[in-house]
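For reference, the chains in residue letters:
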Amino acid sequence: MNIAVLLKQTFDTEAKISLAADGGIQSEGVNLIINPYDEFALEEALRLKEKAGSGEVVVVSAGGPRVGEALRTALATGADRAIHIEDPALDGADEFSVAAVLAAALKKGSFDLILAGWRAVDDGSGQVAIRVAELLDVPQVNVVTAVAVDDGRVTATMDIEGGCQVVEVPLPAVLTAQKGLNEPRYPSMRGIMQAKKKPLEHLALSDLDLAAGDTAPKTKLICHSLPAGRQAGRVIEGEAAEAVRELVRVLREEAKAI
Amino acid sequence: MDFSLGEEQELLRSTVRQFAEGEVGPLAAAMDEREEYDWDLWDKMAGMGLTGIPFPEQYGGAGMDNLSYAIAVEELSRVCASTGVLISAHTSLCCWPIYAYGTREQKEKYLVPLAEGALIGALGLTETGAGSDAGAVKLSARREGDGYVLNGTKIFITNAGRADTYVVIASTDPSRGHKGTSAFIVAKGTPGFTFGKKEHKMGIRASSTYELVFEECRISADQMLGADGSGFKIALATLDGGRIGIAAQALGIAQGALDQAVGYAKTREQFGQPVGRFQAVGWMLADAATRIQAARHLIYHAAWLKDQGQSYSKESAMAKLFASETAMWVTTKAVQIHGGYGYTREYPVERMMRDAKITEIYEGTSEIQRLVIQAALLR
Amino acid sequence: MSGGIWVIIETRDQKPKKIAYEMLSLARRIANQQGEEVAAVLLGSGLGECAVELGQYGADRVYLADDERLAAYTTLTYTKVLADLARAKSPRLVLSGYTVMGRDLMPRLAARLGTGLFTDCTGLELDGQELVFTRPVYAGKAYLRGAAVGTPALATIRPNVFGIQKTDTNRQAVVEPVPVDISSADLRQVIREVMCQVSARPELTEADIIVSGGRGLKGPENFQLLEGLADALGGAVGASRAAVDAGWIEHRFQVGQTGKTVSPVLYIACGISGAIQHLAGMGSSKCIVAINKDPEANIFKLADYGIVGDLFEVLPELTGVCRELKAQG
Chain A
1 MNIAVLLKQT FDTEAKISLA ADGGIQSEGV NLIINPYDEF ALEEALRLKE KAGSGEVVVV
61 SAGGPRVGEA LRTALATGAD RAIHIEDPAL DGADEFSVAA VLAAALKKGS FDLILAGWRA
121 VDDGSGQVAI RVAELLDVPQ VNVVTAVAVD DGRVTATMDI EGGCQVVEVP LPAVLTAQKG
181 LNEPRYPSMR GIMQAKKKPL EHLALSDLDL AAGDTAPKTK LICHSLPAGR QAGRVIEGEA
241 AEAVRELVRV LREEAKAI
Chain B
1 MDFSLGEEQE LLRSTVRQFA EGEVGPLAAA MDEREEYDWD LWDKMAGMGL TGIPFPEQYG
61 GAGMDNLSYA IAVEELSRVC ASTGVLISAH TSLCCWPIYA YGTREQKEKY LVPLAEGALI
121 GALGLTETGA GSDAGAVKLS ARREGDGYVL NGTKIFITNA GRADTYVVIA STDPSRGHKG
181 TSAFIVAKGT PGFTFGKKEH KMGIRASSTY ELVFEECRIS ADQMLGADGS GFKIALATLD
241 GGRIGIAAQA LGIAQGALDQ AVGYAKTREQ FGQPVGRFQA VGWMLADAAT RIQAARHLIY
301 HAAWLKDQGQ SYSKESAMAK LFASETAMWV TTKAVQIHGG YGYTREYPVE RMMRDAKITE
361 IYEGTSEIQR LVIQAALLR
Chain C
1 MSGGIWVIIE TRDQKPKKIA YEMLSLARRI ANQQGEEVAA VLLGSGLGEC AVELGQYGAD
61 RVYLADDERL AAYTTLTYTK VLADLARAKS PRLVLSGYTV MGRDLMPRLA ARLGTGLFTD
121 CTGLELDGQE LVFTRPVYAG KAYLRGAAVG TPALATIRPN VFGIQKTDTN RQAVVEPVPV
181 DISSADLRQV IREVMCQVSA RPELTEADII VSGGRGLKGP ENFQLLEGLA DALGGAVGAS
241 RAAVDAGWIE HRFQVGQTGK TVSPVLYIAC GISGAIQHLA GMGSSKCIVA INKDPEANIF
301 KLADYGIVGD LFEVLPELTG VCRELKAQG
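The listed protein sequences derive, respectively, from chains A, B and C.
Per our numbering, the very first residue in the first sequence carries number 1; after that it's consecutive.
Per our numbering, the very first residue in the second sequence carries number 1; after that it's consecutive.
Per our numbering, the very first residue in the third sequence carries number 1; after that it's consecutive.
Please note that the accuracy of each hint is not assured.
Listed below are the simulated BS3-like cross-link pairs for lysine-lysine, each with C-alpha atoms no more than 27 angstroms apart in a straight line [stated by the list, open to error]:
# : chain 1 : residue 1 : chain 2 : residue 2
1 : A       : 256       : C       : 301
2 : C       : 286       : A       : 256
3 : C       : 293       : A       : 256
Which chain A residues face chain B? A few, computed with CB under 8 angstroms, are given here [claimed, not checked]:
#  : residue
4  : 72
5  : 76
6  : 186
7  : 190
8  : 192
9  : 193
10 : 196
These are computed hints drawn from the structure, not numbers from a lab.
Beta carbons: idealized from backbone N, C-alpha and C, even for Gly.
Could you build all of it, start to finish, from the sequences and the hints given here?
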């Protein structure tokens, strides 16, 4: 089974967010990690390939030089090959642009399945993988918590409001991973040693079948802002019974919440 | 001089840190409370290849260097000192002497499963009358037929009880003193080999520490490790390398405590500001960070020397001495910075302080380390 | 006629969901400033009846795609119908709820139309002639304001943020049937099974009141305390990551960065320390109450009201009082 995994490098979720001089988000000195949802995608890809007994897992990511670290980690975890798309023209790229680039890179190969996290923890937009599915004209199943592949078809369980549903689509398809899909493995020491011998291909836009207009963003950023701090409120004193009565009173009368 | 770590070492650090924070950290306090290790963690570490880091792949190891091993122990100890010493004692005190002195058969039979994590190892050296004076071991190995019979006890043995494989230093010829000692590999469950008292300790409480009791315990001649009479020499060489592991454990404890203290100092407010802004507290943090960095350089240098095949005895003694004293100092300050909260079980720093103390004592007390350094200087 | 603001009306049990009304009200407010038309877009089977009241909430027109094959949502069928309609009518703005359907549909539709999409919007307004979208990023630690390049602009709207205004009880929306041209390629997704969790409690992401528990609950059996309070208040039950990771409750109840994002009127956090990742999931709650025995817990820094105490004492008390209130009606 040939499986592509779309990877994004994001800020560590614990990172303190501040604004940079240009109105963007300050990225200096911030610890970067593989988007946690993409880890579920990578783990599922590895399991599916192991189960199939043959094929390869290729991780693909678009971004600046530090993306290489994320790709090496994915290789250490068990991926066979990595593709790093880097091009100054992608500065300020939005979801439309990134999807165009990833789809073009994927078209160079032949994949039975494409997996990605359902959203990235930085911008949390949740668009790119689905856009890629459309550009490749393959079906998708979003936010999956279970996957089974059999005879050219994939059956996936996805979350829906108030429950879940099982959807079946023919391969090739795009699946996006939700937490709970699996327990991602840690890279092993052996994997770390082998990672440096695995191929990591660098591509620029000129290596992909794309015209200039194909990647121009369809959204523009006006500015970032930090939320108004939520002020610490009132701690209600007293023994449990007393405090509770007062709490209920303020919730009714002041906050009008109940 | 290139001070940067290689890509593998950076990857190893981030991987072990992620594992430590995700899997070990959440269990550390409870394991300490119960004085009981969660052995599922061992299986996970074995799966990751953390149980034989510095040994060649042909022996089931990861084929990495001693610096990588030190980094792994540091990262584990940062969240749980008991886990740090589990790996360190297993790797340096049991796997290593078999790697360095074992026959091909012994390596196949013991080192491979040990490095793979199928077996857990321990070193049985210390006795009631033989602590710093390691040559004074009295555990006797009486030659009988084509084997030996062991009689005596060992105390304070790390990993004992749970460990499967024990490298034990015994006296084969009491008349020759330490030159009449030999090393043996003994398996748990051998008739005549039992465990005595479980030690209830100040710190590293989840580390399994027991007495080893040998009563007419028969072993075969091919269980001798190295040459007859080289027991003391093997023990000393083993402890030389063990120092790097313990130094790394101490470094990890200190770093973990500093991280906690910095986090606390940034958020705890008194007199209208975060306490980290007060010079008294800030300077404690500055001094702690400086000492930790110095310890780190000493350890990495000692590991580097060992990897280069150069002598590292003095440097590893310096590293162990300095890192352990740093751990004790930093953890004490960390509790101080936390104030009353630092004294309670709600916060991890009291455990880190209790854990730090042993690093000044085991695998060669600070006093012994000073003797080693003194001897090297006055040669 | 080109232009116009479209609202995709998501339904449940043949009735529009609350978010649909929220979006209609929002669309109406914007449309009024520009003299634009508001069109509700209704896809499904047998939905003719609910088209009527959509006018009262601000729709001038209802595009109705009524077809058996649209009875249950699937990506490709809905994308096809909507893309065909959008190409024919050229709307300026298309809104959907940031729901399971919205998250699945709108990126696909945006890609098919080659246009931009802002997801999980908590703000949408006109700045002169330009539509400005506001959405949270970095788990709500920052906000992004942006605008679309070209038309249509697509956006998914976070539920429970925008208010509902019933504007005009007399407004009659024009119902315009829409052709449904679906091929076999659009039917590649097959729903094999739908498993519902049977619960009388509201869905977490739609609830007005949420009672949530964390590590302080100490064990799975104690979630009963939360359930009692949730039922007394007619709310939903939530949990922090610590409780989910400990195996005390299923992941679908998790609120936080790697769980659900909720925006209730009242969020009661019991035994939850308030780690940043949890706050990311509930920080936009209108009123936050914290019950925790640790006075230094981070959650008190942003709770509107707090009780420092033993939740095993406080929760039963609180449940008792709320039950009394409920009984009084």
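Against the structure, the hints:
Pair hint residue 256 (chain A) plus residue 301 (chain C) holds up; C-alpha atoms about 21 angstroms apart against a cutoff of 27 angstroms. Proposed proximity of residue 286 (chain C) and residue 256 (chain A) is supported: the alpha carbons are some 10 angstroms apart, at most 27 angstroms. Between residue 293 (chain C) and residue 256 (chain A), the direct Cα distance comes to roughly 26 angstroms. Compliance with the 27 angstroms bound is thereby established for this hinted pair. Interface hint status for residue 72 (chain A): upheld, as the beta-carbon distance to the closest one in chain B is roughly 7 angstroms, under 8 angstroms.
The restraint placing residue 76 (chain A) at the interface with chain B holds, with a minimum CB-CB distance near 6 angstroms, inside the 8 angstroms limit. A least Cβ separation of about 5 angstroms between residue 186 (chain A) and chain B falls short of the 8 angstroms threshold, and the interface hint therefore holds. The criterion of a C-beta within 8 angstroms of any C-beta in chain B is met by residue 190 (chain A), whose closest approach is roughly 5 angstroms, and the hint holds. For residue 192 (chain A), the interface hint holds, since its Cβ comes within 8 angstroms of a Cβ in chain B; the closest pair sits about 5 angstroms apart.
Here the hint on residue 193 (chain A) is kept, as its CB sits about 6 angstroms from the closest CB of chain B, short of 8 angstroms. Satisfaction of the interface hint for residue 196 (chain A) is found here, the shortest Cβ-Cβ separation to chain B being roughly 7 angstroms, below the 8 angstroms cut-off.
Figure legend: structure checked against the earlier numbered hints; every hint is met.
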